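Let the hints inform the model, and build the full structure from the sequences given.
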Amino acid sequence: MMPEMLWKLLEITIIIALLIPMAAMLVWVERRVIGIWQDRHGPNRVGPFGILQSLADLLKILGKEDWIPPFSDRLVFVLAPIIGAICVLMSFAVVPFSPDIGVSDLNIGLLFFLAMASLAVYSVVLAGWASNSKYALLGGMRAAAQTVSYEVFMGLSVMGVVLLTGTFNLREIVLAQSEGWLIQSQFVGFFIFLVAGIAESHRLPFDLPEAETELTAGFHTEYSGLKFALFFLGEYLGVTLISAMSVVLFFGGWLMPEPLSAWLPPLVWFIIKIMCFVMFFILLRTSLPRPRFDQLLKFGWMVMLPLALLNLMVTALLRLTGVL
Amino acid sequence: MNKEKLANSLIFSQLRTMWLVLKHTFTKADTVQYPEQKPYLAPRYRGRIVLTRDPSGEERCVACNLCAVACPVDCIALQQVVDDDGRKRADFFRINFSRCILCGFCEEACPTYAIQLTPDVELAEYDRQNLVYEKEHLLINGPGKYPDYSFYQQSGIVIAGKGKGEAEQERPPIDIKGLMP
Chain V
1 MMPEMLWKLL
11 EITIIIALLI
21 PMAAMLVWVE
31 RRVIGIWQDR
41 HGPNRVGPFG
51 ILQSLADLLK
61 ILGKEDWIPP
71 FSDRLVFVLA
81 PIIGAICVLM
91 SFAVVPFSPD
101 IGVSDLNIGL
111 LFFLAMASLA
121 VYSVVLAGWA
131 SNSKYALLGG
141 MRAAAQTVSY
151 EVFMGLSVMG
161 VVLLTGTFNL
171 REIVLAQSEG
181 WLIQSQFVGF
191 FIFLVAGIAE
201 SHRLPFDLPE
211 AETELTAGFH
221 TEYSGLKFAL
231 FFLGEYLGVT
241 LISAMSVVLF
251 FGGWLMPEPL
261 SAWLPPLVWF
271 IIKIMCFVMF
281 FILLRTSLPR
291 PRFDQLLKFG
301 WMVMLPLALL
311 NLMVTALLRL
321 TGVL
Chain D
1001 MNKEKLANSL
1011 IFSQLRTMWL
1021 VLKHTFTKAD
1031 TVQYPEQKPY
1041 LAPRYRGRIV
1051 LTRDPSGEER
1061 CVACNLCAVA
1071 CPVDCIALQQ
1081 VVDDDGRKRA
1091 DFFRINFSRC
1101 ILCGFCEEAC
1111 PTYAIQLTPD
1121 VELAEYDRQN
1131 LVYEKEHLLI
1141 NGPGKYPDYS
1151 FYQQSGIVIA
1161 GKGKGEAEQE
1171 RPPIDIKGLM
1181 P
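Protein chains in written order, with this note's numbering: chain V, 1 to 324; chain D, 1001 to 1181.
Note that these hints are calculated values from the structure, not bench results.
As the structure is a prediction and not an experimental result, all values here were calculated from the model.
Be careful, since some hints might not be right.
Which bits of chain V does chain D cover? Going by a derived footprint, with three or more residues having C-beta under 8 Å, they are [claimed, not checked]: (1) 35 to 48; (2) 252 to 259.
So the derived label-pair ranges between C-beta atoms look like this [what the hints assert, rightly or not]: (3) V:Val-152 <-> D:Thr-1025: 42 to 50 Å; (4) D:Tyr-1126 <-> V:Met-90: 45 to 53 Å; (5) V:Met-279 <-> D:Ile-1140: 39 to 47 Å; (6) D:Leu-1022 <-> V:Val-268: 19 to 27 Å; (7) D:Glu-1036 <-> V:Leu-58: 20 to 28 Å; (8) V:Ile-14 <-> D:Arg-1099: 56 to 64 Å; (9) D:Ala-1077 <-> V:Val-76: 53 to 61 Å; (10) V:Thr-13 <-> D:Thr-1025: 33 to 41 Å; (11) V:Leu-55 <-> D:Val-1081: 53 to 61 Å; (12) D:Gln-1014 <-> V:Ala-93: 33 to 41 Å.
Built from N, CA and C at the ideal position, the CB exists for glycine as well.
Rendered as structure tokens:
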């Protein structure tokens, strides 16, 4: 029993040890790619192609004063970024990376992911509240409203997947796609999941909680130093998580069609698919403007929620009649 | 739905925007990688200020103070002295480049083309005091722009080696007490 436990612990450690530098690298990738799309070079000075930019940023941010505003609620202020990072990291526990890598095969893996995504909003709301400043509070309130609205149909959008595969276990969902990826039948569900995922991870065009033009920096206005870095870690891990979940639920996880699957190991295919989604997220950030907040909520409740319900009902109907 | 309406519709316009941005993957960056790759600065670019000399190698500046008056940030300080040969010179001429905004008003104000701006912008210093340029730092060994212009050869001022009426556009002085026309 013990060696098995140790092996599991080692696996968790390795996954975390790879995920966190990857999130840091994503900062560089994003800046570089946005630079290219804006006809610039992006950071290309530190190391070859600027690959060490994140390291330089980290060293600088470590040297910053870890300031806690005197008007803030100290305990909650310190706790909020930690909650954010932990919630996202916990979600990775249920992500099946490859046939034999993956921390946990929870039989309610999908629900666990949804639960953790909902818990992550506490980090933002508490950060906004504890900062005791108007911009942070507004950002936190926006995050709360946005997450509450968007996680409703995020949950509904993946129910189509559950209907078709008959399981909440993410590994089994992937294995059920060996005949064909679920995007074939669940493209509406995928679209809704993606939109909700962008909103959940507070990325443009749904980054209302930290809208720079209106709210300075939103919920993390008062944060600096390492705690600010933790928020950013959470954000980029969130992007990776939503990408990973999209791949797992709709694009067959590590699976690839016959001739391609033999070329590279499953884990590499999985990472390639994730990177495609991450690039898509970055493309969204560079190209789309931010909607007004009431437009965002209206879009959620008036368009996406009915669409998700319709998708679920049609899927159920087709399932019952035996078409799918 | 006609074509224009389709283009303006919400979802299509978003997709089109994303496509247009994605196409920029293959356009060349406009960036000039500065320290390795110098950008082209036009000859009349307004950079570091110099004091020029006339074609005979003498200082053009007559220390008239017009540049110091024109300067909006008051970064020019100078003092006039008259030499034994009749030329006016700046006793000291000081430009504080930590205040200078490189507006070029001094160049426009200068009646003798002495003060000129050059296409050199690399003025950075670690010590702020080093940005205060004295006359010996400002003077160059050439005429800069307007290579043939020499103020004393154009004006009627008498200096050593050039009497009254000997300037380029001057006629010999008329003896107003004589009877000849």
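Quick rundown of the hints versus the structure:
With a threshold of 8 Å between beta carbons, the proposed coverage of the segment 35 to 48 of chain V by chain D holds, since 7 of its residues qualify and at least three are required. For the segment 252 to 259 of chain V, the proposed coverage by chain D is not satisfied: 0 residues have a C-beta within less than 8 Å of a C-beta in that chain, short of the threshold of three. Between Val-152 of chain V and Thr-1025 of chain D, the C-beta spacing of about 36 Å breaks the proposed range 42 to 50 Å. For the pair Tyr-1126 of chain D and Met-90 of chain V, the beta carbons lie near 49 Å from each other, so the given range of 45 to 53 Å is met.
The hint said 39 to 47 Å for the Cβ distance between Met-279 of chain V and Ile-1140 of chain D, and at roughly 53 Å that hint is violated. Under the hint 19 to 27 Å, the C-beta atoms of Leu-1022 of chain D and Val-268 of chain V, about 24 Å apart, fit the expected range. Evaluation of the 20 to 28 Å hint for Glu-1036 of chain D and Leu-58 of chain V yields a pass: the beta carbon distance comes to about 26 Å. A hinted range of 56 to 64 Å holds for the C-beta pair Ile-14 of chain V and Arg-1099 of chain D, which are about 58 Å apart.
The supplied range of 53 to 61 Å is met by Ala-1077 of chain D and Val-76 of chain V, whose beta-carbon atoms lie about 58 Å from each other. Restraint check, Thr-13 of chain V to Thr-1025 of chain D: a C-beta distance of roughly 37 Å satisfies the suggested window 33 to 41 Å. Between Leu-55 of chain V and Val-1081 of chain D the beta carbons are some 59 Å apart, a value that agrees with the proposed interval 53 to 61 Å. Our hint of 33 to 41 Å for Gln-1014 of chain D and Ala-93 of chain V holds, since their Cβ atoms are close to 34 Å apart.
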